[in-house]
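Protein chains: 2
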Amino acid sequence: MRPLVLPFLFVISITVTTSSHPHPLDPLSAAEITAVRAAVLSSPLVPARPLHFHYVGLDEPDKSEIISYAYGTTTSSSVLPRRAFVIARAGGESHELLVDITDKTSPSVISHAIHHGPGFPRITAEDEVAAMALPHTYPPFADSVRRRGLNLKYPPFIESLRRRGLNISDVGCGVISRGWFGSGEPSYGGARVAKMQCFIYVVGETPNFYARPLEGITFVVDLDRVAIIGYKDRVVEPVPKADGTDYRSDKVGPPFTGPVAAPGVVVQPEGRGLHIDGHLVRWANWEFHLGFDMRSATVISLASVFDADAGIRRRVLYRGFVSEIFVPYMDPEEEWYFRTFMDAGENGLGVSASSLQHGTDCPANAVYFDGYYADTDGKPVMAPDVICLFERYAGDIAWRHTENAITEVRPDVTLVVRTVVTDGNYDYILDWEFKTSGSIKCVVSLTGILEMKATSYTNVDQIKEDVHGTLLAENTIGVYHDHFITYHLDLDIDGTKNSFIKNTMVSVRNTGNPATGGAATARRSYWTVHREVVETEAEGQVNLNDAPADLLFVNPSKRTHVGNLVGYRLVPAVATATSLLADDDFPQRRASYTKKQVWVTPYNKSEKWASGLYTEEGTGDDNLAAWSKRNRRIKDEDIVLWYTVGLHHLPYQEDFPVMPAVSGGFELRPANFFERNPLIRTKPPGHGYSNCSCSIRSE
Amino acid sequence: MRPLVLPFLFVISITVTTSSHPHPLDPLSAAEITAVRAAVLSSPLVPARPLHFHYVGLDEPDKSEIISYAYGTTTSSSVLPRRAFVIARAGGESHELLVDITDKTSPSVISHAIHHGPGFPRITAEDEVAAMALPHTYPPFADSVRRRGLNLKYPPFIESLRRRGLNISDVGCGVISRGWFGSGEPSYGGARVAKMQCFIYVVGETPNFYARPLEGITFVVDLDRVAIIGYKDRVVEPVPKADGTDYRSDKVGPPFTGPVAAPGVVVQPEGRGLHIDGHLVRWANWEFHLGFDMRSATVISLASVFDADAGIRRRVLYRGFVSEIFVPYMDPEEEWYFRTFMDAGENGLGVSASSLQHGTDCPANAVYFDGYYADTDGKPVMAPDVICLFERYAGDIAWRHTENAITEVRPDVTLVVRTVVTDGNYDYILDWEFKTSGSIKCVVSLTGILEMKATSYTNVDQIKEDVHGTLLAENTIGVYHDHFITYHLDLDIDGTKNSFIKNTMVSVRNTGNPATGGAATARRSYWTVHREVVETEAEGQVNLNDAPADLLFVNPSKRTHVGNLVGYRLVPAVATATSLLADDDFPQRRASYTKKQVWVTPYNKSEKWASGLYTEEGTGDDNLAAWSKRNRRIKDEDIVLWYTVGLHHLPYQEDFPVMPAVSGGFELRPANFFERNPLIRTKPPGHGYSNCSCSIRSE
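Residue numbers (my numbering), protein chains in the order written: chain Y, -16 to 682; chain Z, -16 to 682.
Please note that a few of the clues may not be correct.
No distinction is drawn between identical chains; accordingly, a pair holds when it is met within one copy or between any pair of copies.
[Stated by the list, open to error] The list that follows gives simulated cross-link-like pairs (lysine-lysine, BS3-like), each with its CA atoms no further than 30 Å apart:
1) Lys480 - Lys447
2) Lys447 - Lys46
3) Lys578 - Lys424
4) Lys480 - Lys591
5) Lys485 - Lys578
6) Lys46 - Lys591
7) Lys87 - Lys215
8) Lys666 - Lys234
9) Lys224 - Lys618
10) Lys224 - Lys588
No wet-lab data here; the hints were simulated from the structure.
All chains should be built: construct the whole structure from the sequences, respecting the hints.
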């Protein structure tokens, strides 16, 4: 669900100074985005107008070139070409363009293609603004609103609004992607089509319009033509009163009756331990490149860790980013069945990234990065403070032991890279956490506002049938749904060619025979490890809930001193739900990869988006599961791990009106990567700090 | 595995000032322990000597009395009786005594019984010290050591020790509980029996003797008689060199080559938000009693949360503690098959609690509690700083939302109650985390040292059979094992009588028929919730890996405004492993409850210990699964949740020589407990703090 009013966009001037030699993975600068726009608009290859930019992003050099650049013994002084990939809509078609911007003063389109398959590029903010204006001049909708305004079933609230001058402008409608439902639904001649649904939205009242749905009304709109092509007012339900749903601090108090903890600030007496050079970040034993993309938001590249025992920097992760967030709702009803969102592909996580609030979204010791992307007109937009980095002092312990009254402890300090994607009602806090132990932890915390359905029920005692959700407040149902957050993780453990190993724990009966691992003791059973080096993609799909296993990514050409293959292992945290939709259901066909948390594919530059390049109204023919049907070899190859964090969300009243964060995630943990715990030779904290103090800065 | 040398015990004088009116749940004070000892030693009921105290703890008043005391409208001024429960060994028998210490000047034994069933109370530190002296005067062991010292298979290390004067005093042997293996093993006439195994332990060298096992030798000792009753030198394996296994900071550097993060300190400009009155803790919206016990270590009682919307304090958790930690190893070999530790019952978590290091085990803003327990002679021992409490500023977000360029964020600050139990080689960091959202989170982080097995192998290429572990270094195997940490959680949601509800998510085919929850749309499937109010204990056993479900504990007599039953739900985090041992295997019979993570029982004052009261050499006849066989009713009763955090531990080289912490846990999260998110009316951070600084205090 997208916001009804767009966030304020910072359209900046194009005179941004950038280094003449950016890192080849640096995201497009404002100047580069401007150059891309100029090249596309002056190209004879796409003469149709209007031309709308739906995606503009870096088309990075081949991986081998990047690897040479980053890790080559002789760093080439020649600059790799800079190129952008563009998807634009013009003349009712989706155009793919590669633009060379190595010389920003003479950018040129170097290739052009038209997409002929199913699906469309993301719905833009400008698509939404245009569509949102349509209902206000649509007579049947005025009738629907009037019909509700006079309905005696819920006079108090609507009447009070009417007396204060409620009119159709107090109702806002938001664009909702329509998903794909095969031949059971009209194709509208192949037009780019979305739905719209509406909310009471009184200026100056709660921004939480999600709590006041105008249930029962659905628009169908042609996004390219900006026209209503369908309208249904199916059923009238009361508009929830939405008492107490305004969460703004100037509305909930004073008095502020909620619990308050004492204020606390992290102080770094010797300053930050963080070193930033353009988009390269160095911290403790880690080094990585920090990028940003319209579709995926934050991109971590070239993450490597320094091995002090070996005296060398070692490769871990070539590329990591959130590839898709699939959010299907579980109500088959007319106004809800199609709500099967794919936030990255349909809207873009980068363009939905929130500007982080200093001191609350990120602690006082954070540093911030801006993001740049293109608007529909192709002009650069600066999104301020969309990424923060901070050293996390959570009171955790890295390792400890007490023996003979001697205690050694090393506290755990980590580096967090945070982005918050607010795609309409939901806020996804996406953390990459780098640990000195060599681990990379990904944590996604969900907060924001539930999608709510209006109902006539005011008490659960009245409910006899399945209402597909929880009664959160009078006339308000929080609808059951899932969240599947899929990460693209191109691991390069000590090099490009890796293998995937499934170490499954299996129960064994003690045979008493040493030849089979048994022994002549009274012990009857134990578990051991069945080791499977995975050969092909089909064997690489894993449902973690099937059997206990350690999943390893190893470099088959590199061993530790005692002969173990060097590797990293995937440690899932909470949130290992898989999709419960039927395989033949349309949303499931689009997100068919959500029945396994783990997929492993051979690296392919074009396989970035788990839901396919053209996700919007896409059919799943270009998704992760579709690619994997080729069942390519993944043993001793350049392989990519796709991991899906999954949560079934059965709403509770505490999730109303804004949800307390709930988290899921996973960890990539060194597994025979180091010869031993890399933190053994870490100096213990050498100084205590006393007389710590702060002065109050009023805000 | 217990330490070879005991931690320094602080035996304190008995003139500790205590309040004359302690809270009825306060742990026994030093003065009370002294009174208990006096009463027992002067009682004619147990004349046999020597008499050894194995357990001395509070025998709390009945729950109804505690509830009246804590929540009664008229707080009675009369003091509830103070009583202690004692298990002592004398005359080869286990004696149970109840001692009244209401008047500490004239304590009296009010009941006495002799335990006749299987099993024994915990092995005491004094048991271990006595047993550890035995091998040094045992000629066959001297032969074994000499035989190894001359063995040419591993000359460099042993030779170097020999030249430096290695003799039998450089070998230490530690007591290892022998488990229970039925009639397949000698009963030794019902004696209290343990095994011992040995390590090279050179004074002044590494404290990490675990890395230098003297493999192949097993003693059998009679703990009451303090006598060797069996000895086997089965096989000679090289003693691992154990290079680089000394983890002490003064040995690993300088230079300290490990990664270092910048120092950071949490500063609370307005002071701590924590209020401590004796053993009662108040913080933000939480209040609870903090206890300590020889067996369970930290005990949380009477946890209640203030509901600001309702204006009342509401009950959540009557009692929570770690009931047992079961750690079975997966090597059936002679020296390993019996290693199936039950740390709480066999050794005691409280007596194994480490003194927490200020600034590293807990951050600078922590406060500390001491613990008191009885030594074998019954005298009080003060264990300093065994619990710390600190407010955690981890940079997390409690809730947020961005809408129309308006962002509201509330940072998450929590209260952590931490204990570290070091039971020999392993360190368990046991955190209770209280959240202002109403959640209670339990996190257990495992660190410390692996149990290692000596082997002749120096490279994995040499290994052809199942060695039941990972080759971590030359001649060193980290043996496969599990950790099952079982929590006793007596939830009292808004009152004593609660019910347990399984909300299972089930796939449903869209029938198109509204009567069955379907709708005439193109959607083919969805999930809904099958709600099962559990009637009896048998139905209350849940394996979380079977089906996706929300598990709820509700008060069936209390509903929210819209009619939902008020409740809390169990949210498992990572670590939901269940035991893979065969049901008929002896260790599994003792820990038969570890095949399900979730058990629910009716409250019974005597059912505290999941492995039974007499765990040591116990048979499982008194464990959680045995009690539950009665299949009592648990609907609308006073019920207890037993939750087991489970981890299969397949060691990796990074776990050597000390393991980086790995975590598991769960959360008890309000579920229709509050009418809405209790943090909506929480004031946002009002001030920024600037010019934060600290002065360096050299240490």
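### Task
Since the copies are identical, ignore which copy is meant and state whether Lys480 and Lys447 lie within 30 Å (CA to CA) inside a copy, between copies, both or neither.
between (58 Å within a copy, 26 Å between copies)
### Intra- versus inter-copy proximity for Lys46 and Lys447 (alpha-carbon distance at most 30 Å)
neither (58 Å within a copy, 39 Å between copies)
### Query
How would you label the pair Lys480, Lys591 (within, between, both, or neither) given a Cα cut-off of 30 Å?
within (19 Å within a copy, 53 Å between copies)
### Message
Please sort Lys578 with Lys424 into within, between, both or neither, judging by C-alpha distance up to 30 Å.
### Response
So Lys578 and Lys424 pass the 30 Å test inside a copy (23 Å) and across (29 Å) alike.
### Within, between, both or neither: Lys485, Lys578 at alpha-carbon 30 Å
Intra 18 Å, inter 23 Å, cutoff 30 Å: intra and inter.
### Message
My question is about Lys87 and Lys215: at a cut-off of 30 Å on alpha-carbon distance, are they close within one copy, between copies, both, or neither?
### Response
Result: close neither inside a copy nor across copies, 50 Å intra and 81 Å inter.
### Message
Regarding Lys666 and Lys234, is the shortest C-alpha distance of 30 Å or less found within a copy, between copies, in both, or in neither?
### Response
Between copies, since 11 Å is at most 30 Å while 49 Å is not.
### Query
Are the CA atoms of Lys224 and Lys588 at most 30 Å apart within a copy, between copies, both, or neither?
neither (51 Å within a copy, 48 Å between copies)
### Task
Indicate which option fits the pair Lys224, Lys618 if close means a Cα-Cα distance not exceeding 30 Å: within, between, both or neither.
Neither: 59 Å inside a copy, 36 Å across copies.
### Query
Given identical chains, is Lys46 near Lys591, meaning Cα to Cα at most 30 Å, within a copy, between copies, both, or neither?
within (13 Å within a copy, 59 Å between copies)
Of the numbered hints stated above, those contradicted by the structure are hints 2, 7, 9 and 10, listed in ascending order.
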